Amino acid sequence: MNVILCLAAIVIKELYRRKDFYVLFVITAVITLMMGSVSFFHEANIVRYVKDICLLLIWISSLVIAIVTTARQIPAERESRTIFPLLAKPVTRGQVVVGKFAGCWLACGLALVVFYLFFGLVSAAKEGHLPLGQYLQAFWLHWATLAVVISMALLGSLVFSAPSANATICFTAVVAIFILGGYLHKLAALQPPLIALLLLLLYFLIPHLEWFYTLRERLVFDHSLIGWDDCLLATAYLAAYAAAFLFAAWLVFRRKTLTT
Amino acid sequence: MKIYPALILALLLAAAFSLATCLQPRALAWTQGRADHLVQVLLGDGRQILASQMFIEADVYFHSGYYPSAFDQAYAPTDARHMTRPVASEPAHAHDAADPDHHEEEEHEKAMSFLGEPRDWLERFGRKFAITAHTHLDHGKAREILPWLRLSADLDPHRIETYTVAAYWLRQDLGKAKEAEAFLREGLNANPASYEILLELGRLYYDNYHDPVRARNLWGAALRRWTQREAGKPTPDLPALGQITVRLAHLEEDDRHYAKAIELLEIALAHNASPHPEALAAQVQALRAKLAHPPAPK
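These protein sequence lines map, in sequence, to chains H and L. If you read the first sequence in the working numbering, its first letter stands for residue 1, the second for the next number, and so on. If you read the second sequence in the working numbering, its first letter stands for residue 1, the second for the next number, and so on.
Treat the hints with caution; some may be incorrect.
Unchecked claim - Within a straight-line C-alpha distance of at most 35 Å, the following computed DSBU-like cross-link-like pairs (lysine-lysine) qualify:
(1) H:K186 / L:K110
(2) H:K126 / L:K260
(3) L:K233 / L:K260
Unchecked claim - What the simulated footprint calls covered on chain H by chain L, stretch by stretch (three residues with Cβ under 8 Å from a Cβ of chain L suffice, anywhere in the stretch; the number is not a length):
(4) 26-34
(5) 47-60
The hints are simulated quantities; they were obtained by calculation from the structure and are not laboratory data. Quantities reported herein were computed from a predicted structural model and do not represent experimental measurements. All C-beta atoms, glycine included, are put in the ideal place defined by N, C-alpha and C.
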């Protein structure tokens, strides 16, 4: 456990030394504040479009941080050859995979806390109230979704040749799930049998991250909380996918030749 | 050859200045005859697609997030009438089967039931996170659609519904008659032939400014524009004609011009412009009786 925490701590340090988070946070804050300062028909209490834009930027920023940070972890270790002294210590490859995952996930969690604090402040300043339960649910499920994205990117970093290719493929996959994930079974119904079968397989196999992306609409439009039991079930669902990707990453990494 | 960086810099600056003097009149011509807006210059006709998307976004906000996706387009609302109907929960409009608004609301409710039963356990579970109730923004919240309507009007000033929907909520829900009037007049400048904007402007003068004289002039102009634009069409906009003629007829009746009021209602009857022609026919009969035996002035 200590080994995993040490590896995770290094990743967290890397995140706050790099400029990615700061740049994305400043862009999010500036755009949100600029949009919030626009007056439409001299009506001061219009808030939902600001929340909508802010949450969209937070989702984009968090995905960029998660995928870009994760995609370069193991390739950078291999390129700089620091992976060899690391594995020469009493550290297994499984611990490296879990440590890198934990570091990226915790780092994303820290970034997400800052983003959601800012979002909460803007929202509370405009609306005059802060539905804490909804914010907690949205934050938690957002963070849990990032666990799946991070584990996916970690697996990609062991499969694909370059971090850039991995990041592009991960982004494409996540955006495709957001857009199409919930409609694959409907599309399958309109296709010839073989394609329909493939689409249905895909529908049941992919992690349905779009559910948690659409959860942001509940926050924007002030809808009630989802049940905490559903929240727990969703966490287990996401944890299962994250574990599956991590296990696959370990299987690949276990037999991978590290010399280039 | 010796290179003088200062001279090269001066040459480049002179070239930039000369090109600017050539380009400036051309740049002015790009925006001539249109609203002076950078986005319009940059996007060209593509801004109409964006404007349409902004209007849909306003509709999404109007439904608090419950809206058919790109894959359920058959269920998407085809017009903006549902956005300017009174909220069904208001006592004056609650479940009155004879009310045309109620009928249209029922139709809209049916059209928007795009979710249906979940097809599998995954979809059933996924719906717990999505917005699955069809609601409309209630009083005090309709302001949330305004930014999208403003953007839509900026991108495409010829989209009429943008002005009428925004003005309706500005005056009905937010009590901002002045802003509604300014927005409608902006729309009228861009669309001088629009009977819809004149109809809404007349409503504003009648309901908010309590000025029946101007309202009559505006509805009269709306009727003329409707006749110019719609009378020859195979499928004219009959609901708008019904609203214009009935409202004008009420004004004429209030002024004891019964013959004129009958004439207007008969236009609506002849075009079958009312969802309840029998009620209109009864009204015509009542007006004929008043014409035959005018009531004593109050």
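Hints, one by one, checked against the model:
{"no.": "1", "hint": "H:K186 / L:K110", "verdict": "holds (20 Å)"}
{"no.": "2", "hint": "H:K126 / L:K260", "verdict": "violated (52 Å)"}
{"no.": "3", "hint": "L:K233 / L:K260", "verdict": "holds (25 Å)"}
{"no.": "4", "hint": "26-34", "verdict": "violated (count 0)"}
{"no.": "5", "hint": "47-60", "verdict": "holds (count 3)"}
Of the numbered hints given earlier, the model fails hints 2 and 4; all others are met.
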